[in-house]
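Novice: Sequence:
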Amino acid sequence: MTLSVIIPYFDETIFIRQTVASCLALEDHLHEIIIVNDGLRPFDTSQFSNLFGHQKLQVIHNKRNLGPTLSRNEGLRKASGQYVMFLDADDFLIRDTMIEAIDLARESQADVTHLPTLSYRPQFGAWERFERDHQLLANRRSGLKIDDAPELRYTVATWSWLLNREFLLENELLFDEQQVRYADHLYAVRILQAADRISTFDKYPHVWRRRGESMSTSPESSKDYRNLIGSVSKTAALLARYYDVASKDFQRDLGFFLLRLFAQWTMLQHCIAARSSEPEKAQLLKELASEVRQYPFDKKILQDPILKKIAPSGSGSITLAQIPHLHALLVDEEWEKLAAALGGPPTQTANHTSAILSSDRLGDNSPALCFWLEYSKLLNSEQGFEHRLFSEYLLDVMSHACRIARDTGVTVDTGQTGEWPRNMHTDLAKLARRFDAVAHFPPQAGWDNVQQLCEHAIDLTNQHVTTAVRGDTQGAVVRRADVLDAWRAWEPATLGDALTQIASTVLRRGAEASLGDANWQAQRTLKSRIRTRLIEPLKAN
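For the sequence shown, our numbering begins at 247 and goes up steadily by one.
Because the hints were derived from the structure by calculation, they are not lab data. Please note: incorrect hints may appear among the correct ones.
Computed list of lysine to aspartate or glutamate pairs in EDC-like fashion (alpha-carbon distance at most 16 Å, straight line) [unchecked claim]:
| # | residue 1 | residue 2 |
| --- | --- | --- |
| 1 | 302 | 274 |
| 2 | 449 | 377 |
| 3 | 302 | 278 |
| 4 | 480 | 537 |
| 5 | 554 | 397 |
| 6 | 480 | 422 |
| 7 | 469 | 524 |
| 8 | 527 | 580 |
| 9 | 324 | 278 |
| 10 | 555 | 397 |
| 11 | 302 | 273 |
| 12 | 449 | 342 |
Turn these sequences into a full structure, and let the hints guide you.
Specialist: Listed below in structure tokens is the structure:
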């Protein structure tokens, strides 16, 4: 009886098999995988039936949509392993380093073991170290309490912890069920304050996939902002039970929150810009100011070495030196001055999806065709280094495009006036070669079958976009997951087992990257292969 992996699941259709496979690779170190199905739709377990050890998988079906926080609690109540890990349904584990981390937790009898994380950015094809882990925590220690390593509070992701299940149950350490979002930092503080034995690990056993439409990259609502205020209030109250509010430990946490509020989160800019037309936003600002006003900020904490390491850097970032001034503006509710100091309301991030739903493009082509044209252009761009699987790219672009259309009022024309590009299969073959995979043409499934699957996926894509943009709920609603399932059926018919080969390459390179500077190593490898195998031959011809 060793590790229980708890995975909240909504509709991460194209990632879940890889996530489960990476857990099953732990073999005897894995006790069980518990998938908590929060999507309120049937969950097909047959996709795992050919994976060795699939009998260790069990699925819990929520009766209503609970969100990831409450779903983790449901999984924890069912778990029976000695250790527990919470894993997102689009992330994955690196086998050898994860086994080594489990062995460290067992040998040190740790209540809590910290796991450093690699961040995978599909648009670059690179694994990079989660910098806060690298700066503060990626070293091996055992027998600690939180006052021996206060920097542990500032890795705030749920999947950063390998937890002793008995320790969690004895201390009643479930997630706060009122915190649908912004639950991680509060949970980290709770478990760390309760732990008698903490260990930290020095390698990278976990890969976080940073992609569009994940919770960490999705737009925030007033409900999310209220969750943020609640998390801040509860965390401050908890720390005040252990430390004086003027102490270094409390002030450091206050400084950490202010850094994220001013330099990372968008709550202030959005609420300030909308406060005159949306009373709820104005009320949120008042509640935030009231909460922060309770805790005077001591600028001497700005010299704290831990706080200096977690401060954002780079062009356009808010610096530590600005925090006292911004804090004073917030406390005094000087909203116009604060907005000016922060640089005004946030603008839409410029990226390759910004022009997809322009009226002139959609007047000529169906939405699905527009998405493919953009993908094909980037796939063949020397500057792009874009090599997501097509369905992952489609999901990101489709959802982003729908948001733009809702915000701008652009009308989506779903007419099939454009032809599907004849070079689609060739482009996907280039994608496969970038991962040393082989795609055979014509496809073994036959061109007619491939074309039928393709037309079906296009039709579902167009229906989904129309429904999402216009809010038309009459008739059957086509969900994102339905669109992805259609493209997943088309891809293997087109590429055979090339995508399976790509998935294996992703896992292998993740393991290789964890041995050194992941960002530099992975990017160097990919760019070299793209240059020698794709760009230079194209130039030669």
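Novice: Now, for every hint given, state plainly whether the structure supports it.
Specialist: Quick rundown of the hints versus the structure:
1. Straight-line distance between C-alpha atoms of residue 302 and residue 274 comes to about 11 Å, which keeps the hinted pair within the 16 Å bound.
2. With a CA separation close to 13 Å, the supplied pair residue 449 and residue 377 stays within the 16 Å bound.
3. Between residue 302 and residue 278, the direct Cα distance comes to roughly 5 Å. Compliance with the 16 Å bound is thereby established for this hinted pair.
4. For the suggested pair residue 480 and residue 537, the alpha carbons sit about 10 Å apart, so the restraint of at most 16 Å is met.
5. Pair hint residue 554 plus residue 397 holds up; C-alpha atoms about 11 Å apart against a cutoff of 16 Å.
6. Taking the CA atoms of residue 480 and residue 422, the gap is near 10 Å; set against the 16 Å cutoff, the hint holds.
7. At roughly 14 Å between alpha-carbon atoms, residue 469 and residue 524 fall within 16 Å of each other, so this suggested pair holds.
8. Restraint check for residue 527 and residue 580: the C-alpha separation of about 15 Å stays at or below 16 Å, so the hint holds.
9. Between residue 324 and residue 278 the alpha-carbon distance is near 10 Å, which keeps this suggested pair within the 16 Å criterion.
10. A C-alpha spacing of about 10 Å is found between residue 555 and residue 397, which places the hinted pair at or below 16 Å, so the restraint holds.
11. Between residue 302 and residue 273, the direct Cα distance comes to roughly 10 Å. Compliance with the 16 Å bound is thereby established for this hinted pair.
12. Straight-line distance between C-alpha atoms of residue 449 and residue 342 comes to about 10 Å, which keeps the hinted pair within the 16 Å bound.
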